[in-house]
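Engineer: Line order of the protein sequences matches chains E and U.
Under our numbering, read the first sequence as residues 1 to 115, first letter to last.
Under our numbering, read the second sequence as residues 1001 to 1644, first letter to last.
Just so you know, the hints here were simulated from the structure itself, not pulled from any lab data.
Note that the coordinates shown come from a computational prediction; the quantities given were computed from them, not determined experimentally.
Every residue, glycine too, gets a C-beta built ideally from N, C-alpha and C.
Keep in mind that the hints are not guaranteed to be accurate.
Claimed, not checked - Here are the computed distance ranges between Cβ atoms for each label pair: (1) Met1537(U) - Thr76(E): 34 to 42 Å; (2) Pro60(E) - Glu1291(U): 53 to 61 Å; (3) Thr76(E) - Asn1449(U): 44 to 52 Å; (4) Pro106(E) - Tyr1504(U): 30 to 38 Å.
Unchecked claim - Derived, one-sided and incomplete: chain E residues facing chain U with beta-carbon distance under 8 Å: (5) Glu37; (6) Ser41; (7) Arg57; (8) Gly77; (9) Pro106; (10) Pro113.
Stated by the list, open to error - Footprint (simulated), chain E over chain U, 3 or more residues, beta carbon under 8 Å: (11) 1157-1165; (12) 1212-1225; (13) 1427-1441; (14) 1565-1572.
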Amino acid sequence: MKGLLALPMSALVLGTVSPVQETAVGDREAGRLAYVETGCSACHGLEGQGAGNTGSRLAPDPIPFPAFSAYIRQPTGNMPPYTAAVLGPDALADMYAFLESIPDPPDADSILPAP
Amino acid sequence: MTEERKKPVNRRGFLKGAAAAGAVTLAGAAESGARAAPAPAVAPPPMSPEAESAAPQELEVLTAETSGSDFMVDVLRALDLEYVCSNPGSSFRGIHEALANYAGGPGPEFITCTHEESSVAMAHGYAKIEGKPMAVMAHGTVGLQHAAMAVYNAYCDRVPVYLILGNTLDASVRRPGVEWVHSVQDAAQMVRDYIKWDDTPVSLEHFAESAMRAYMVAMTPPMGPVILVADSELQERPLESRDHLTVPRLTRTTPPQGDSAAVEEAARLLVTAEFPVIVADRAARTAAGMEGLVELAETLEAAVIDQGGRMNFPSRHPLNQTAQARAVLAEADVILGLEMTDFWGRTHAFRDQIHRTWRSIIRNDARLISINSGDLATPSNYQVFQRYTEVDLAMAADAEATLPALTEAVRRRLDGDRQRVLDERRDALAGAHRDIHERVRRDAAYAWNASPVSTARLSAEIWNQVREHDWSMVVGSGNSLSQWPQRLWRFDRHYQRIGESGGYGVGYGAPAAVGAALANRRHGRLSVNIQNDGDLMYGPGVLWTAARYRIPLLTVMHNNRAYHQEVMHIQRMANRFERGIDNAGFGNTLRDPDIDFAKVAEGMGVYSEGPIDRPADVAPALRRAIDVVRNGEPALLDVVTQPR
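So here's chain U without its partners, still in its complex pose (with noise of 0.2 Å):
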């Protein structure tokens, strides 16, 4: 070793007195010490009445009166954001403890998580409800890697979340051990290909602005999250002055509408066809964006079909013909996509058999017209885009923001022969829905006295009970409940739905619950929360998180006791090649033991009921809970139901 490098480093200078003395051997630590640790810089005064009372020695410089951290929070506190989840970890530490203590006014809630993943769906299901992301501290390695699957279901479903993600990117004052293998040269590395932007600041102004820039590009349509690295050494630092630093003020960005001659055409196709039909994906990001389509599809009188992506369109609208998607695209001429995931997929049939075939289902000269912010980031890698298909007017751009123009040019178009056309169309629509509705009613009666439960009588009892409050269905509107409460609930505010994971990433759904009753919490709403077994297994951890911040949430659970999905792809792969027909539930069941999902909540400081297995159980049960629920708490009730 040369001289040199057996010296102490003492990077950041903060000696008071006089100069650095050097190398002062701690007595004892160095002795038994290990041999390539480097000596303290200024050893620590004896324990001795003599030196208590002698001359000041010169003292390292052991506490400061502020951080980089405290600068981090303030520029944190101008983004708006309401909370930080976060799984606590040391890469962190200086923002953490900033948040905690760092007296300057209110900062982000921190809100303990038990698991990364959590922590990142608990923001995609907040920033669905509450149109704005929240904010996720992890460390830039572990945390992530635990986090990857959540990021991209928020990326799939468009949704805005905050990564911030704490490293040590300078290895000459790593700690030995756990922080050398916490820290990463390029943290975001690992998901770039499903996060929108992220940034690796190097100094606590170009940290701001980043931070600034992350919020922006989060939040401008598609949606999706970032990640903003904040590295040890910036947090930890002591901040000598404030001087040269300043919060940038927060640009918000329009988002993208379809130009007018687009518009303009689009117009003119919807007006003139015969049969138009609005198919919507992930449309109204907003309230006002149900409202646009909900203003679009009555000016045409159009059928419309909710594929559930986002809150789009009143379940019991005249006009909503969801249920009969198959036979309204079939008679459609024009078919208007808005923010489609899969235009394709819906205009196709496909047959998983042997030999994968597929076919058309819309008319040979339907005209297909799509709106999609989604043409505007197609990424390369990961395949979230679907088919190509062959549309004949494509915007790039935000459907909710060009729907108001669309309606707009419509209208200018209409004349009265055209109108009386159009209310012959509104009052055959409104007939068709009056009678799928009822035939909706009878189907959900079949097996209605069967054990376990069928998840059409699951949903009729569950919305029997919340009809009469302010509730939001947090989760449960998917394929594994057979569509029932999209079928026999009436929905008709934007908070009521949120859509789904966006990556069928399993465990999505308890923590977007809990993140998205967080956000309705404010509002006084009734979360309602019907969770998958399987997808529960993943994090149930989520449930410590909604009994230790209160926060109110009715979780049902449909529990069929397996991967059933995967039970149904086990048992088509049988029967393909003519063996084990029936052992579809190999590796794909959650029995022996049976989960005790009532024990799983009560130990995490839920209430709980459960199982239940029977129907006239259900009922009563559910009061309960509700009374719980209403009261601020957490509550879950372990419902045995059958497979679909």
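Next up, chain E with everything else stripped away, as it sits in the complex (with noise of 0.2 Å):
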């Protein structure tokens, strides 16, 4: 059983992908509520911190927006997709906005002890 993938890959494409925007130029403050309210902070985090197995770090130095936004469309994990049927190109250059926006965390050995 081992390496098995028990379904073609083909059966896992669904869904439109829409074509991958280049750049982003988004809203920060409809990016932060958009990134709210369609869920990635369940898995994500507020800021985008991460939160171990369950949604990976975003923020900050979000990765370049093709890779992100092509992640979005098509995950190879096990994050849910979000097609363009329920999130459209703006919603993802604002949230991307918003991550981007997201300050760089205090140094460790300023706030936690000693390891």
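Dock the two chains into a complex; use the hints.
Structural biologist: Pasting the structure below:
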């Protein structure tokens, strides 16, 4: 059984995949709202800080926008897909702007006890 | 009605003086009473001066000096049961009263619980700290029905719980009404799929022997809950003589050890492996199990992944590679699984998309070794055994008991050349462990100042405060906290972590924490519970039990105001069907009104503060709460948190 994928990959391709935008100029505040309302924060944390296996860290310094939007449309792992039918390109760009706006965290040594 | 059937029943025949006079009508009561009610056996003496001075009539015996329950309590004493958790119920009123008043030495202390699920979950948490069962008393019907979920958790988690159920088997003596609906032919039947053993004794001698057997069975790996039904007639019937009764000596089994040939073969595979990996789940039943695993790992210089079913391996040991489990498993040529709940799940990746798919995440040529007492008792109905795993060498045995022999066998096979390879491996793993820990610390800093409070910040703040004490995290190491405590804290004692519920039945956390804290109390440990909001709402009454019995326990709410696991599931469904992606909270949130857990706790007599949603407020509140707990009382902080 090792190494088995039960179904052909084609079976996994569902929904419409929108053309990937190369750049994003979004509205940060609208993005913050969309990020929470559409459930990203449920798995990735309210500031995209990540949550173990539940969702990877998204911010600060999000991955480049093309990879970002491609992943959301067609995740290769466990993340549920967000097709263009339910999440338009503007909302994506807004979310990205929000994630880009998140500042760097404090230095761990300044807040946590020595290891 | 025949004459025979109309006769009052005098089953016990406890009439003083001359023979029973048959039916004597009780004036008043009989006239106004229902026609079907049997007449009392003997009239009470009329309350008149004449009657007082007249020659004594024959009297019904209404009292006795001792009962079957007294003997039952003596049996329980012989079992080393410190406490009995119970929501009081009439079907075991005999034992209850005997526990209170039978003067023959200290009995198990009665702990009043406000729900049977709390009673059993308290016993569950207690057993994982103390290594022995606690007794629980419940009605054989309504009590066990309440308790069933907690029994299932204990079963899945392989934890001994000693349940005593009251019941009235003999239909001819049952009180009308309640006692009938609280009686059952076969009390344990409804949970028999997920207990280890049960019996319904019909005599006191039978009770005594089965009581011993129940303890023995519960404590033999794989451990689990057992049920002893205490018939109310046996409990309440006066005991005229004890001459024919004995309390048997308790037999304790030794846990099953892997057979010597298999142990030798496992040692050979492990020593010759290039990169052996040990994965431990419910492996360390006791502190000795943890030490045994450290010894094996250090002898082999092998990577260890702690699945967290028990406190198996020190979190900051250089060989601990839990935080990069996938990476070390991908490299492993031999994987030793110790008491694995789900070996398949650990060695595969599973995708929960519209078509469920999976793939192996280990090498094709990896050899799998398993030591698992679970293989000795695979149930039929409940699917706790997880997916079938292709294991190359499977020992149906207790891992902890087998570890010393395995370590010895490994040692015998090591020579100087091999040792050099092992030393290099150790250094590489130690380096990786250091790097991972550094990364974890950096990761914890993200969203540090966010409100609601991040789970990393919450975990770090608690760690900052408890690390100076002799602490024990009784609940809170699960996925709902994104494993932050495991990643950040230094766990190096067996009692510092006790695993999870087992059956994932929500409602385990709060009562298990109180039970574990009760066990920790004697050892002077600071018990810490990071408590999910949804879980507490199942049985918040256990907070009262903590206050009532002065059980020192620090409860810090992880209050994300939702059944958050379900929020994510509904999100998944909505995305899959391309609708309502902003509606995942539907039916899943605990808002409007927001629950004020500080008030809930206060109402139960527990010191509390909250809601706290600003991260900077967490540390000072923790200091105050820890002071309360150090003074022997429970305290609760309601911290409003991020989802995960």
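Engineer: Next step is simple, just say for each hint if it's right about the structure.
Structural biologist: Against the structure, the hints:
At roughly 37 Å, the beta-carbon separation of Met1537(U) and Thr76(E) lies within the given 34 to 42 Å, and the hint holds. A C-beta distance of roughly 43 Å is found between Pro60(E) and Glu1291(U), which places it outside the suggested range of 53 to 61 Å. Look at Thr76(E) against Asn1449(U): about 33 Å separates their beta carbons, and that is not inside 44 to 52 Å. Distance hint check for Pro106(E) and Tyr1504(U): the Cβ-Cβ separation is about 36 Å, which falls inside the suggested range of 30 to 38 Å.
For Glu37(E), the shortest C-beta to C-beta distance to chain U is roughly 4 Å, which falls under 8 Å, so the interface hint holds. A cut of 8 Å between beta carbons decides the hint on Ser41(E): the least distance to chain U is about 7 Å, and the hint holds. Residue-level restraint check for Arg57(E) holds (minimum Cβ-Cβ distance to chain U is 6 Å; threshold 8 Å). Given hint, Gly77(E) at the interface with chain U, holds; its Cβ is 7 Å from that chain's nearest Cβ, closer than 8 Å.
Proximity of Pro106(E) to chain U holds as hinted, the smallest CB-CB distance being about 6 Å (cut-off 8 Å). With a cut of 8 Å, the hint placing Pro113(E) at the interface with chain U holds, because the nearest CB-to-CB distance is about 6 Å. Using a Cβ-Cβ cut-off of 8 Å, 0 residues of the segment 1157-1165 of chain U lie near chain E, which falls short of the minimum of three, so the contact claim is violated. A count of 0 residues in the segment 1212-1225 of chain U with a Cβ less than 8 Å from any Cβ of chain E is obtained; the coverage claim is therefore unmet, three being the minimum.
Counting residues of the segment 1427-1441 of chain U whose beta-carbon sits less than 8 Å from any beta-carbon of chain E gives 3, enough to reach three: the coverage restraint holds. Closer than 8 Å: that is the beta-carbon criterion, and the segment 1565-1572 of chain U has 4 residues meeting it against chain E, so the requirement of 3 holds.
Of the numbered hints given earlier, the model fails hints 2, 3, 11, 12; all others are met.
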